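Mapped onto our numbering, the consecutive letters of the sequence shown carry residue numbers 1 to 549.
For the record, the hints were derived by calculation from the structure and aren't laboratory data. Just so you know, nobody snuck in bad clues.
With a Cα cut of at most 20 Å, we get these calculated SDA-like pairs of lysine to any residue: (1) Lys42 / Asn89; (2) Lys305 / Gly329; (3) Lys192 / Leu469; (4) Lys371 / Val127; (5) Lys371 / Ser38; (6) Lys171 / Gln159; (7) Lys171 / Asp160; (8) Lys171 / Leu130; (9) Lys171 / Glu154; (10) Lys341 / Ala306; (11) Lys277 / Trp206; (12) Lys433 / Ser79; (13) Lys210 / Ala288; (14) Lys341 / Gly425; (15) Lys371 / Ala132; (16) Lys277 / Gly235; (17) Lys75 / Trp102; (18) Lys171 / Val127; (19) Lys42 / Lys371; (20) Lys55 / Arg88; (21) Lys192 / Glu222; (22) Lys82 / Gly444; (23) Lys55 / His83; (24) Lys55 / Phe92; (25) Lys341 / Glu470.
Ranges between beta-carbon positions, derived for each pair: (26) Gly134 / Ala524: 43 to 49 Å; (27) Lys105 / Glu492: 18 to 24 Å; (28) Asp337 / Pro221: 17 to 23 Å; (29) Pro518 / Arg547: 38 to 44 Å; (30) Glu295 / Pro518: 16 to 22 Å; (31) Arg547 / Gln104: 30 to 36 Å; (32) Ser96 / Asp431: 25 to 31 Å; (33) Ser96 / Gly170: 33 to 39 Å; (34) Pro303 / Pro59: 50 to 56 Å; (35) Glu86 / Gly170: 39 to 45 Å.
All of these numbers come straight from a predicted model, not from anything done at the bench. Think of the CB as a built atom: it goes at the ideal place given N, C-alpha and C, for glycine as much as any other residue.
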Amino acid sequence: MKIRNKAVAASAAAALAVTLAACSSGAGAEGGDPADLSGKMKGAMEDYGVGTSFKATEPVKFGLMYRDHPNYPFKADWSIVKHLEEDRNVTFDYQSVPLADWQQKRSLLISSGDAADIIPSTYIADVETLTAGGALLPVSDYLDYLPNFMDKIEKWGLQDDLDRTRGDDGKFYVLPGLHEQPRPQYSIAIRKDWWDAAGLEDPKTWDEFKEQLQVIKEQHPELQYPYTERWSINGPMEATLQAAAGNFGTEAGWGYGDGVTWNGSEFEYTGASEEYKDLVTYFHSLVADGLLDPEGLTQEDDPAKAKLTTGRVAALGANDQEINAYRTGLQEAGNTDAVLKQIVVPAGPAGDRMDATTGAQFESGVAIASKALDRDDFVALLQYVDWQYFSDEGLEFAKWGVEGETFTKDADGTRQLAADVDWNGLNPGEDRKLLNTDFGFYNGVWVLAHGSTADLVQSTLAPEAVEFLEAMNEKEVADPGPGIPMDELEREESALLRTNLQDVVMTNTARFILGERPLDQWDAYVAELQAAGMDRYVEIVNGAAERAQ
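Can you make the complete structure from the sequences, with help from the hints?
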């Protein structure tokens, strides 16, 4: 598999200093026909650019599709709402959608043309089948009005990644959330106290992890299995298979995506590849040798966690937040001497690398309804979106809140929550107000992912999580290959094929790992994929990719 450089890419380009005076045509450098936006300047700042603190020149009110999360239901008197109005001259006409209905209702609202102007919490794949109807704005036509977005694209070397998101019309319709560095979170938590007692270091390779599990099993005969798994409701151990996949030269689990992997010259079907077989063979060996709990491929999360917290296993899939929940569970179960550590994902036969999905620097982003172009304050809307979701100031505001109210900042830039404010246990204590529930900050509607810059992402992480992140970002990242811009007919045909093929892959992945289907039937399994349309699917994908190059 072709490899690109470490994901902390940065170009030598200087920061943009884009002003409206320099881009009165309105179209981005790679956009479509120039648009006359001279009648859409209400509230817009004349000197807006990178480093400008946005404030509309007069009050503006934008439509906002609001994803209402049950853990922090919307409050009209939130501090974020108040400060956006007082400090930015921005209020909203909220189109509230419950989190449970978000995916379906968002699609229905967009398809019907009834979506609000600003549509946050949206991945590119969420709307790729909705762009042909004309309900979404081709934001690629207006890049000159998004200086902070383009500044980060250039500084972080993301132009090729952005170009991969273009459709067959050459445009893209979602401004993705941007990461300065990849944000891998998942690996495996181990009982570090048992590892230390056995004289074991953190495993450097997956083969070494297997050897260590054997040692732990020998030293703790009370364990039926030393290792179990979770996140298996929609597919077998999806988090760990994704985390491991890059080291085997493939993609799997949550990162299986469209089911094709770039081999350096063309896409091949992932689930039929020798690399995918190697991954499946490895985890089957853990089951066969009594090291991996077979229930881990199907059990719900709570039983999996209980096995770890009650001392029945020594390792469990984890992320940098769940490991703290495990620690709490161990304490509550009386295992007060237990020590947990989240290991860096081990290297494998394909090297020390992350798959393209894990190593991606794009996150959930924001789309804009095409009807927003009819607004007389359209340019102000673009400026607000650019400031809120892509400027350092807007991102810090949405994540941490207001300096002096919800946090303080030391001379060296270190942020501290106010004495009476907490988030995720950063400032524990009695009678704490919560950053999201009580103030509206750290809310995915207004802040993409967990920030954007490495500084902002790491600002709310525990030191061990920062150490894990830094170690993971030393890995190489697999090349995702060119974009795959399909036309409408190709999308329809490939969507059906993709679903049928993925059903075959996921079912047989579990069966192969569990030993319910012997691996010497691999060729027969590949023949089943061919019968399900694999060759036609790959033909469509590579045809679209060839047009994109």
